[in-house]
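There are 2 protein chains.
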Amino acid sequence: MDSTCKINAAMSIWRRLSLFVLASSLCLCLCRAEDSAMENIVTEKKAEESHRQDSADLLVFILLLTLTILTIWLFKHRRCRFLHETGLAMIYGLLVGVVLRYAIHVPSDMNNVTLSCNVNASPATLLVNVSGKFYEYTLKGEISGSEINDIQDNEMLRKVTFDPEVFFNILLPPIIFHAGYSLKRRHFFRNLGSILAYAFVGTVVSCFIIGLFMYGCVLLMKQIGHLGGDFFFTDCLFFGAIVSATDPVTVLAIFNELQVDADLYALLFGESVLNDAVALVLSSSIVAYQPEGDNTHTFEAMAMLKSFGIFLGVFSGSFALGGATGVVTALISFNFTKLRELPLLETALFFLMSWSTFLLAEACGFTGVVAVLFCGMTQAHYTFNNLSPESQDRTKQLFELLNFLAENFIFSYMGLTLFTFHNHVFNPIFIVGAFLAVFLGRAANIYPLSFLLNLSRRNKITSNFQHMMMFAGLRGAMTFALSIRDTATYARQMMFSTTLLVVFFTVWICGGGTTQMLSCQKIRVGVDTDLENFIGPDGVERSSTKQESAWLFRIWYNFDHNYLKPILTHSGPPLTATLPACCGPLARCLTSPQAYENEGQLKDSDSDLILNDGDISLTYGDITVSTDATGAHTSGTPVGGVAVNSDEALDRELAFSDHELVIRGTRLVLPMDDSEHPLPLDSRRHWHKNETMS
Amino acid sequence: MDSTCKINAAMSIWRRLSLFVLASSLCLCLCRAEDSAMENIVTEKKAEESHRQDSADLLVFILLLTLTILTIWLFKHRRCRFLHETGLAMIYGLLVGVVLRYAIHVPSDMNNVTLSCNVNASPATLLVNVSGKFYEYTLKGEISGSEINDIQDNEMLRKVTFDPEVFFNILLPPIIFHAGYSLKRRHFFRNLGSILAYAFVGTVVSCFIIGLFMYGCVLLMKQIGHLGGDFFFTDCLFFGAIVSATDPVTVLAIFNELQVDADLYALLFGESVLNDAVALVLSSSIVAYQPEGDNTHTFEAMAMLKSFGIFLGVFSGSFALGGATGVVTALISFNFTKLRELPLLETALFFLMSWSTFLLAEACGFTGVVAVLFCGMTQAHYTFNNLSPESQDRTKQLFELLNFLAENFIFSYMGLTLFTFHNHVFNPIFIVGAFLAVFLGRAANIYPLSFLLNLSRRNKITSNFQHMMMFAGLRGAMTFALSIRDTATYARQMMFSTTLLVVFFTVWICGGGTTQMLSCQKIRVGVDTDLENFIGPDGVERSSTKQESAWLFRIWYNFDHNYLKPILTHSGPPLTATLPACCGPLARCLTSPQAYENEGQLKDSDSDLILNDGDISLTYGDITVSTDATGAHTSGTPVGGVAVNSDEALDRELAFSDHELVIRGTRLVLPMDDSEHPLPLDSRRHWHKNETMS
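Protein chains in written order, with UniProt numbering: chain H, 1 to 694; chain V, 1 to 694.
Keep in mind that the hints were calculated from the coordinates and are not lab data. Computed from a predicted structure; not experimentally measured. Accuracy of the hints is not assured; some may be wrong.
Same chains, same names: a pair is fine if it fits in one copy or spans any two.
Here are the simulated EDC-like cross-link-like pairs (lysine to aspartate or glutamate), alpha carbons at most 20 Å apart as the crow flies [unchecked claim]:
(1) 396 to 341
(2) 522 to 257
(3) 396 to 257
(4) 76 to 390
(5) 76 to 257
(6) 76 to 400
(7) 76 to 341
(8) 306 to 48
(9) 396 to 230
(10) 76 to 393
Just need the whole structure built from these sequences, with the hints factored in.
Structural data, given as structure tokens:
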């Protein structure tokens with residue numbers, strides 16, 4: 001990420017918050033002494049005026065968001081599913097953009113004499129001596145030659161333009177953290193292999209396919225003279241990377257509402273969460289690809305390797321750092337158990353530790369956004385268990401709110417930008433090419449990978465699921481933030497304009513057509529998400545244990561369940577039971593009194609419950625009910641017997657970890673006594689309702 | 001407020017967030033062309049370095065807050081009351097300040113050539129041409145001559161220094177809003193007259209007493225040659241205004257914990273909330289006092305009148321604006337009743353509307369902080385009633401968290417500043433004078449006003465209450481924010497250093513000695529806050545109805561209860577019952593169906609319950625219990641009879657507004673049937689516990 005910080009990075013994390021306020025643009029290097037008292041008053045007036053103007057500009061955004069909320073309410077009230085709040089925010093943004101662009105004319109009474117003076121460096125801070133008084137100036141960023149003329153004309157429009165870094169340092173972190181924190185980890189882990197394949201292999205494939213295709217377009221444009229500036233192959237690859245980050249927020253909201261298959265949901269959500277991180281690191285690695293010498297745009301193996309090294313280093317560094325901060329938070333909340341009595345302190349601690357992950361990653365030169373993602377996942381897995389019920393609610397609600405505000409702000413800003421951004425380069429060939437490339441890239445990601453994955457998956461990804469995933473390749477916040485980050489060159493400006501159109505199209509058309517697509521692909525809706533695991537959409541029964549990636553996951557899961565969970569949370573078996581006998585004293589020292597209590601208890605607040613606390617009970621009830629109702633489908637669920645298949649046992653434990661009665665330190669073999677406590681259907685409905693609301 | 005924005009105001013609201021990052025300070029006006037590629041890479045490296053440094057600096061603050069939270073936990077766990085979290089945050093800040101100042105030496109390898117060039121204006125934005133590329137610079141603020149030399153020496157220290165405007169635009173608003181939103185309005189309104197007197201008259205008196213005393217000190221210092229710069233009478237008055245803002249957060253926390261007399265609590269809290277607003281507007285009016293002509297520091301009647309006009313205009317404008325936004329929010333939440341099903345949208349709307357109050361006030365040239373205070377009070381009074389229970393919790397928790405973080409951030413920053421601020425001017429005479437002046441000013445506020453108020457109050461403010469109020473005159477966040485806002489001149493620097501010491505002393509000594517002072521003044525603790533109203537601390541029974549300011553308040557209350565509440569909330573009587581018959585159609589149109597339901601209902605979610613929902617039930621139970629237990633004290637509480645005194649009825653309605661059975665549009669005469677549903681003692685304890693926790 002740091003390497004993409006061209007000139008903008010010169011601005012500090014805080015200064016990045018700034019609105020571009022060009023009250024006037026002067027560079028007077030004349031040495032004249034005038035009446036300084038009058039000068040002071042004029043400056044003060046101007047400053048006041050500027051401050052008021054800024055407040056008014058921000059107010060426009062706040063009112064836009066308010067309007068969006070009120071309209072969303074109307075839509076939700078009438079159960080309109082064709083337009084999501086983000087799509088709506090974009091429409092309002094567009095409208096305001098049109099008004100700002102064409103309807104409002106600000107009299108340019110400002111002092112816009114531009115006397116340029118040549119300086120041989122661009123320091124972060126400048127001291128200017130004005131009639132004996134020193135004023136401090138800070139670097140804002142580079143301005144292209146064409147913009148200089150715009151500055152005088154479009155002050156109003158420039159004023160509503162945010163510093164791009166605000167997206168990376170303020171708006172993206174809560175969105176990404178929320179994604180990690182609200183991941184339904186049970187389904188995520190069961191499809192871990194496929195998700196990793198889509199996110200890593202798929203994104204890289206998509207990036208190169210799009211990059212190559214676009215390079216073809218660029219060559220064509222060069223041939224017919226449609227290209228107005230440089231456009232290198234690395235630029236094409238960069239474009240491929242940024243449009244490979246999918247953000248199916250609209251689709252997922254509808255999935256949640258309609259209770260679409262949990263595995264499909266997990267695949268889409270998991271992929272979109274991780275490929276944001278991959279695309280971000282990938283794009284910064286591509287920017288870092290700089291062959292030495294004069295010939296800076298040819299291929300060079302060393303530079304390529306270096307880029308690859310940067311990718312691996314930054315990604316694994318951010319991953320490790322995010323995980324580590326999460327673990328530290330878990331340890332603190334584990335040891336300061338009395339903190340549970342003070343939910344305010346607990347929530348504040350949680351918030352601060354999560355924020356410090358971002359800052360720590362940035363300070364170490366890693367990518368804060370990626371670190372925050374893994375921090376969110378760790379927090380959900382460990383820390384969440386140690387929090388008091390009130391803090392669990394508070395933290396969920398807090399990040400839900402931050403996510404909501406940040407997301408809608410970004411989307412409404414996107415709409416606004418289409419009209420207020422100055423250096424749009426709309427090239428028909430490039431745009432058509434980009435749409436084709438995005439389609440091809442997504443297809444090259446989903447279909448071949450699904451085919452390969454299906455070879456090893458016992459629970460196949462059916463073709464209608466594949467079509468749905470293909471269709472749900474929406475582009476959103478991350479793509480926008482990456483493309484607006486640097487709009488200095490001609491190539492980047494063309495990319496930005498095209499990206500905007502891609503986002504608009506996918507959010508409105510693909511997002512709006514989700515329900516149609518679902519019914520067209522005959523994907524069942526309104527099904528019990530967990531029942532779905534036992535009876536496939538094709539009607540053929542299949543055991544939920546027949547998931548892929550079990551071998552990789554089982555190793556991790558055993559380690560996590562037997563060692564990490566007991567050390568970091570109050571759930572799980574006591575360490576004395578899981579560690580070898582020789583580590584007895586250590587185990588006793590590390591085991592909390594609660595763990596012993598847990599040993600004999602049925603109730604275990606496993607964090608898999610994070611999104612819907614009824615999830616596990618639900619599954620439990622569902623099996624019972626489905627067994628009762630269908631009779632024939634009992635073969636998939638053991639009835640009071642001892643499970644012989646270790647895979648089955650693992651999966652069942654994931655789903656029913658609160659039914660562990662005896663833990664023996666190794667793979668558990670647990671007798672299922674489902675039939676003893678069947679949940680009434682009413683409580684099932686209740687939980688489902690909760691799930692839909694969340 | 002705007003008029004106090006000297007040069008700093010030149011920075012926009014967003015740019016004000018910036019850390020002073022002086023990576024290097026150059027003003028090169030030499031026109032040389034060098035190798036621009038190398039230059040670019042160097043700039044980029046510097047930018048990255050600077051960004052990392054900023055993240056690390058902010059991380060220091062986050063870790064400081066984390067440490068504070070963990071230590072507070074220890075203190076709360078051990079029930080230590082001598083040190084509040086804010087005092088603790090200051091101590092940690094001091095320690096880190098010492099380390100930064102004396103232990104860390106950053107090698108100054110930066111390029112610190114300072115070539116000054118004289119310019120005849122200080123525009124908000126500067127365009128600098130660096131070897132053909134244009135860079136945009138924005139105005140940071142003025143730098144005094146002495147600072148220019150410091151810049152090279154103390155880069156490290158300047159880096160951890162925040163822009164003062166960050167306090168006004170980011171940290172103060174949530175604190176002040178929370179104060180307004182969490183005001184226990186029942187006790188506040190019963191003591192409205194006294195609170196207004198202390199806040200308005202008292203603060204102005206205190207300001208002038210301190211100003212005059214300090215002017216004496218300054219004259220003395222001038223005589224003996226201890227003054228190193230200009231120090232005018234307006235500066236003294238300004239100092240008086242800023243140190244007149246009290247912030248007894250420590251004391252109130254202890255009051256809450258120990259359940260000290262509710263009226264004392266209301267007087268102190270109400271005064272401190274309002275005098276922040278008064279001191280803020282007062283200080284900006286003093287800055288606006290500028291006699292025309294050359295003789296700018298003499299007395300001039302016209303300028304004085306103008307200042308007074310500014311005070312009134314800004315204060316009433318902010319008040320009206322804050323109230324108006326609150327009412328608009330109430331109307332939205334009233335009409336969009338189905339919004340209650342979506343707590344996330346509701347909370348987001350509430351948050352956005354409250355934030356827009358701040359921005360709107362700033363855009364209109366009023367004071368955002370003051371507007372936010374009154375917005376908070378209006379939101380609590382009207383909007384809170386329309387929110388769903390979940391949103392009520394969410395909004396309370398959200399602003400509680402923001403308040404907690406902002407407050408502790410300010411106090412830890414205060415500690416840090418003592419060592420990292422560069423231009424401290426510690427003058428022994430001024431410091432001793434200031435402590436004396438603060439003492440005198442507080443005494444001149446409390447004692448004479450209490451005497452005058454006691455003339456009309458039937459429920460006298462006893463002398464031990466007066467001593468306690470005198471003692472609880474802590475200075476805190478607002479005083480600090482006002483004093484750090486402008487430290488350009490010698491006088492302001494001396495004020496800032498002295499203010500810091502005053503804050504430290506009052507928070508540690510007065511805050512720490514609260515429990516001692518309570519026992520020394522024999523103020524009873526652990527009493528039922530509402531029982532206290534019926535039996536005075538002197539043991540003599542007194543009716544809670546014998547409060548002052550009833551006549552003023554009754555008019556407002558009647559209007560509010562009969563017209564505003566029915567229009568803005570779902571509680572209160574239907575308008576058809578309160579409006580004259582001629583307005584029948586209008587009334588029917590404005591009355592919600594719920595209001596009719598309310599008419600027949602016992603349960604009314606009156607917003608007086610905001611802090612502790614059990615407040616009213618509590619009172620209700622308390623009277624019954626106290627009547628049962630003491631026997632002799634039954635005269636103060638009507639037992640099933642009809643209240644004859646209109647004052648009594650008013651007060652009772654405030655306390656028991658959920659027992660209104662029949663509303664007749666005029667003053668209500670309600671039969672009390674307390675004895676029918678006495679609350680068991682257990683539930684009382686439960687409520688009290690809640691209250692203590694909150």
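Verification of the supplied hints:
no.: 1; hint: 396 to 341; in the structure: both (18 Å within a copy, 18 Å between copies)
no.: 2; hint: 522 to 257; in the structure: within (17 Å within a copy, 61 Å between copies)
no.: 3; hint: 396 to 257; in the structure: within (19 Å within a copy, 28 Å between copies)
no.: 4; hint: 76 to 390; in the structure: between (28 Å within a copy, 18 Å between copies)
no.: 5; hint: 76 to 257; in the structure: within (11 Å within a copy, 44 Å between copies)
no.: 6; hint: 76 to 400; in the structure: within (18 Å within a copy, 30 Å between copies)
no.: 7; hint: 76 to 341; in the structure: between (37 Å within a copy, 10 Å between copies)
no.: 8; hint: 306 to 48; in the structure: between (50 Å within a copy, 19 Å between copies)
no.: 9; hint: 396 to 230; in the structure: neither (47 Å within a copy, 55 Å between copies)
no.: 10; hint: 76 to 393; in the structure: neither (23 Å within a copy, 23 Å between copies)
When each numbered hint is compared with the structure, violations occur for hints 9, 10.
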